[in-house]
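Letter by letter, the sequence shown follows residues 1 to 142 in the numbering used here.
Please note that a few of the clues may not be correct.
Keeping only pairs whose Cα atoms sit at most 27 Å apart, straight-line, the calculated DSSO-like set for lysine-lysine is [what the hints assert, rightly or not]:
#, residue 1, residue 2
1, K20, K30
2, K35, K18
3, K110, K30
4, K50, K62
For the record, the hints were derived by calculation from the structure and aren't laboratory data. Only a predicted model underlies this, so the values are computations on that prediction, with no experimental measurement involved.
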Amino acid sequence: KAVVSTQSTGEGRIPDAKRKLRETVVMANKADLNKLTSCSFLLLSAIFLKLLNYNDAIEMAKSAHDIANRIPDSGLQLWSCELLGTLYTCTEQEENATRYRATLTELSKKLEEDVAVTVNSQEHGLLQWLDSEFPASSLSMV
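Assemble the whole structure, with the sequences as input and the hints as a guide.
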C-alpha cells in the first residue's frame with residue numbers, strides 16, 4: 001500500500017495517496033499491537049511459571065503462540081514453542097511437550113535455512129561492499 005501511495009503521489013492523485021498511507025499506518029499499528037500482545041502474554045507466562053502456576057502459564061503461552069502464528073513472527077513462535085514445551089514437561093504432559101519441541105525444531109531449521117538463503121543472495125552482497133570493492137555481481141541491481 002505504501003508503494004501504491006507513492007505511485008499515486010507521483011501521478012498527482014493526492015487523495016488516493018493519503019488514503020493508502022492511512023491504510024498502511026493502520027495495518028502497521030495492528031501488527032505492532034499483535035506483537036506487543038504476544039510478547040506480553042509470553043512474559044506473563046514466564047512469571048506464572050516462576051510462581052509454579054502452570055495452568056495460567058500454559059493459557060498465556062498458548063494465546064501468545066496463536067497470535068505469533070497468525071502474525072506470523074518467527075521469534076515469538078520460537079519463544080512460545082520453547083515455553084510451552086517446558087510447561088508441558090513440568091505438568092507431565094509429555095505428548096504436548098514433544099509436539100511443541102518438534103515444532104520448535106522445525107521452526108529453528110526453517111530459520112537457519114532462511115538465513116543461509118539470505119546470506120548467499122545477491123542482495124546480501126550489497127551489504128558487504130561497504131568494507132570492500134562494489135561486487136560486480138550486483139551491478140545489474142543498480
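*Please flag the earlier hints that this structure goes against, numbers listed from lowest up.*
Structure breaks no hint.
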